[in-house]
Amino acid sequence: MSKPFPPKVVTANHLLAGDVIYQTATGWTRRLEEAEVLTDAADADLRLIDASQQVAEIVGAYLAEVKLVENAPRPVHFREDFRATGPGNYAHGKQVELI
Amino acid sequence: MYSYSEFDTAFLATRNAQFRQQVERRISGALTEDEFKPLRLMNGLYLQLHAYMLRVAIPYGTLNSAKMHKLAELATRWDKGYGHFTTRQNIQYNWPALQDVPDMLDALAEVGLHAIQTSGNTIRNVTADHFAGAAADEIADPRPVAELLRQWSTDHPEFQFMPRKFKIAITGSPNDRAVTRAHDIGLRMLERDGARGFEVIVGGGLGRTPMIGKVINGFLPEADLLPYLEAIVSVWNQIGRRDNKYKARIKITVHEHGIDEIRRLVAERFEQTRKTFSGVDQNMLRDIENHFAPPTFKSAPHSGFKDAYHSDPIFRSWADTNLRAHRAPGYKIVSISLKKHGDTPGDASAEQMHLMADLAADYGHDELRISHEQNVILPHVHVSDLPALHARLKDAGLATANIGLISDIIACPGMDYCALATARSIPIAQQIANRFDDLKREHDIGQLKIKISGCINACGHHHVGHIGILGLDRAGVENYQITLGGDHTESAAVGDRVGPGFSANDIVPAVERIVDTYLDLRSSSDEAFIDTYKRTGMAPFKAALYPQTKVAAE
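Line order of the protein sequences matches chains A and B. Residue numbers are given in our numbering: position 31 of the first sequence equals residue 31, and the series is strictly consecutive. Residue numbers are given in our numbering: position 451 of the second sequence equals residue 451, and the series is strictly consecutive.
Just to be clear, a hint being listed does not mean it is correct.
Stated by the list, open to error - Each pair of labels, with its calculated beta carbon distance range:
1. A42/A with F7/B: 55 to 61 Å
2. Y4/B with T29/A: 44 to 50 Å
3. H77/A with L519/B: 36 to 42 Å
4. D444/B with K3/A: 56 to 62 Å
5. V37/A with L439/B: 43 to 49 Å
6. P500/B with H77/A: 19 to 25 Å
7. V37/A with G258/B: 53 to 59 Å
As the list claims (entries may be wrong) - Chain B regions said to be covered by chain A (calculated; three or more residues, Cβ under 8 Å):
8. 24-30
9. 39-52
10. 97-111
11. 408-417
12. 423-435
13. 471-481
These aren't lab readings, by the way, just hints derived from the structure by calculation. Note that the coordinates shown come from a computational prediction; the quantities given were computed from them, not determined experimentally. Even glycine gets a Cβ: it sits at the ideal position worked out from N, Cα and C.
The task is simple: from the sequences and hints, build the whole structure.
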């Protein structure tokens, strides 16, 4: 039996703004909850290859593990939590811009 | 203040034009990220956790009001209205858009600032004592030499492919405020029989393998400086390890070969490099020195200062804490704290930067310095101007009286911004500062340096903090290790790790227990934390932090 594949999303930084983005079925979003959740290893690899080829739009694509909370992806590691929400030292950046 | 020559200006314009084209090619997709990355790093542009980050060099931490105004303008026009002053006397903008960076660099060039060699495997911005040119204890102003080193190291053809980055710090004072023993090369100006020279220290550094630098030359005559430094970098460039980036810094080279062998190799190489310097560098140095002539100091009555000192306790507290001795009669060195309790250490808003520039122009002979401790210095202020200066600082939230105290914390950006970080550091600094401010104890606690890094690269200098805090990722959870007894001065020492780390929730109470232990142990209020620690050793602090260990041992 193959190893279970924990759900993942493709994430990267936007080439021009440099901010954190997530792959959707049709493009990119700045909101993790809108990301396409990948539950199959082969599918995830293909989606990552697709993302990595978009060199004029994004930088540094990789797969980040998520957990599903009420059917929406949430970060597993605290680093991804900070990437999803922006700096926590005071209210600025993503945490105020995406409200 | 060094003024750019036509050569400097033309060099910068060419360099910026090249980078503009590189950015355009990246945006068009003609360059891949792998191709573009080394080019952007050479120009100080990182891609961090949430955005690009542009690191602008502030050579040897020296600014005038025009430069500070320009830094503020960049924050307003192309960033989120603030800048972050770093532990290497640089400023970082956390939010530039890629397409704006060439315009930012052009704007910086208007006042002779740049981002060259603030990243990559280069000789980085040369740092210096932030009290340079003003300190009462200074042998000589180290900044002309630092400027000479900047010119020598910028685009040096031999040093374009080095094993790793290379950092040089210089002080002109026996009291080392430039952390010279924790740099690849540290220079301490000396005078011997009326002649000027340098104690040259090599192989210091923090990071994952902290090392205190070793003296490679006890007295290097001033005229030999460039050929000797060129020999050091050249020897390292040849034998430094390239197989493992974690072993590539010169501290590892010195450690593996031994200081005596490195000294021999450098002496050998020096015989060659010396011949290639005709003395033109010394002529240049004399010319540069003219740019750094001290201002014309004024005389004025001190009565206004004395009146304010005796009548205004807030002013008195600030004056007692944030002023240092100046070489000129009637003058003080003013440290402007960028550590208001609860704020991000080292951050200044554009409005605050404009104000500090105005204050430098109005009261400070148009000079400012950035300290590696992430504060801003007005190096030359006459005491008669201090009450008015303090009032304007207070209105802008810049009059926090905490220089050298427990809330004057060095903190790297950590995981709030940095892509390399393994844990947050700024929120820990904010919580510590707020906690001790709430207790109103920091003036009683006295001199205590807390330094926090959010990863082992140690940008927050935690190894040399009296209390050092290192944030790590332990199995997906932030974990903070404590070291005690670090020292960043001429008696530099790497702190001792106390024991297992603490969670983000437990680290501030842990610091409080350390401080409580110190207050119980100190012989008098005059005995600073570091002196108590040296006297008692770690045992009582360890017992306070890990009482269960003591119980288990009994």
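Going down the list of hints, with the structure as the test:
no., hint, verdict
1, A42/A with F7/B: 55 to 61 Å, "59 Å, holds"
2, Y4/B with T29/A: 44 to 50 Å, "45 Å, holds"
3, H77/A with L519/B: 36 to 42 Å, "39 Å, holds"
4, D444/B with K3/A: 56 to 62 Å, "58 Å, holds"
5, V37/A with L439/B: 43 to 49 Å, "47 Å, holds"
6, P500/B with H77/A: 19 to 25 Å, "22 Å, holds"
7, V37/A with G258/B: 53 to 59 Å, "56 Å, holds"
8, 24-30, "holds (count 4)"
9, 39-52, "holds (count 6)"
10, 97-111, "holds (count 3)"
11, 408-417, "holds (count 3)"
12, 423-435, "holds (count 4)"
13, 471-481, "holds (count 4)"
This entry satisfies every hint, going by the numbered hints stated previously.
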